[in-house]
Amino acid sequence: MSVEATTQKVQELVAGGTGFDSSIKFVFNEGGVIHLDGNDVSNEDKEAACTINMELSDFDAMMAGDLNPMEAFMGGKMQLDGDMNVAMQLSSLFN
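Per UniProt numbering, the very first residue in the sequence shown carries number 1; after that it's consecutive.
This list has only true hints and no planted wrong ones.
Okay, derived cross-link-like pairs now, DSS-like style, lysine-lysine, Cα gap no bigger than 27 Å in a straight line:
(1) K77 to K9
(2) K46 to K77
(3) K46 to K9
The hints are simulated quantities; they were obtained by calculation from the structure and are not laboratory data.
Using the sequences provided together with the hints, build the complete structure.
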């Protein structure tokens, strides 16, 4: 899936409200960014409390429920920079 298509899915996911109250930036190894700030989703490369570097395919698998965020981190599929507490909120975002 492309970054644009994945961004659209994230926008649909957060449209109803998620309770996610911080900012997180996903930087994809293939190129592209998704920035999530509360319920605001964009492809702008803005500052965030937590930055996660990963493959786009792994992000898509997390959104589909096929990859647990904690398992992705422990398995080295994502690298974190910044506030780890923000990253811990990912489970609620993808459930």
